[in-house]
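S.K.: Sequence:
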Amino acid sequence: MDTYERIEMLEDAREHLQQALDLIREAVDDTPVEDYARAYIIPTLVMAANSEHEYLGSQPANIDELIRAFEGADED
Numbered sequence: 023m024d025t026y027e028r029i030e031m032l033e034d035a036r037e038h039l040q041q042a043l044d045l046i047r048e049a050v051d052d053t054p055v056e057d058y059a060r061a062y063i064i065p066t067l068v069m070a071a072n073s074e075h076e077y078l079g080s081q082p083a084n085i086d087e088l089i090r091a092f093e094g095a096d097e098d
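The number in my numbering is simply the position in the sequence shown, starting from 1, with 22 added.
Don't read these hints as lab results, they were simulated from the structure.
Hints are supplied without guarantee of correctness; some may be wrong.
Said to hold, decoys possible - Have a look at the derived ranges for each label pair, beta carbon to beta carbon: (1) Ala95 - Tyr62: 29 to 35 Å; (2) Pro54 - Ala91: 39 to 45 Å; (3) Glu30 - Ser73: 32 to 38 Å; (4) Asn72 - Tyr26: 42 to 48 Å; (5) Tyr58 - Tyr26: 36 to 42 Å.
All C-beta atoms in this analysis are idealised placements derived from N, C-alpha and C, irrespective of residue type, glycine included.
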């Protein structure tokens, strides 16, 4: 598997994370667990998906960083 294929897989994973976020938001909307999901689960997944988000925190690593690492390895 080459670097391009790995990056494509990571981009696919990001799309799947977005789909999961949409499903979670829809599932918890107007339920007793909505606040919990919006406070903990959703931000964690959003921060894992990419570097650009509205939250103050961050994950130790995210998909953007993995892609940059593969792109940087190609330049070496």
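S.K.: May I ask which of the numbered hints given earlier this structure violates, with the numbers listed in increasing order?
M.R.: As far as the earlier hints go, 3, 4 are violated by this structure, in ascending order.
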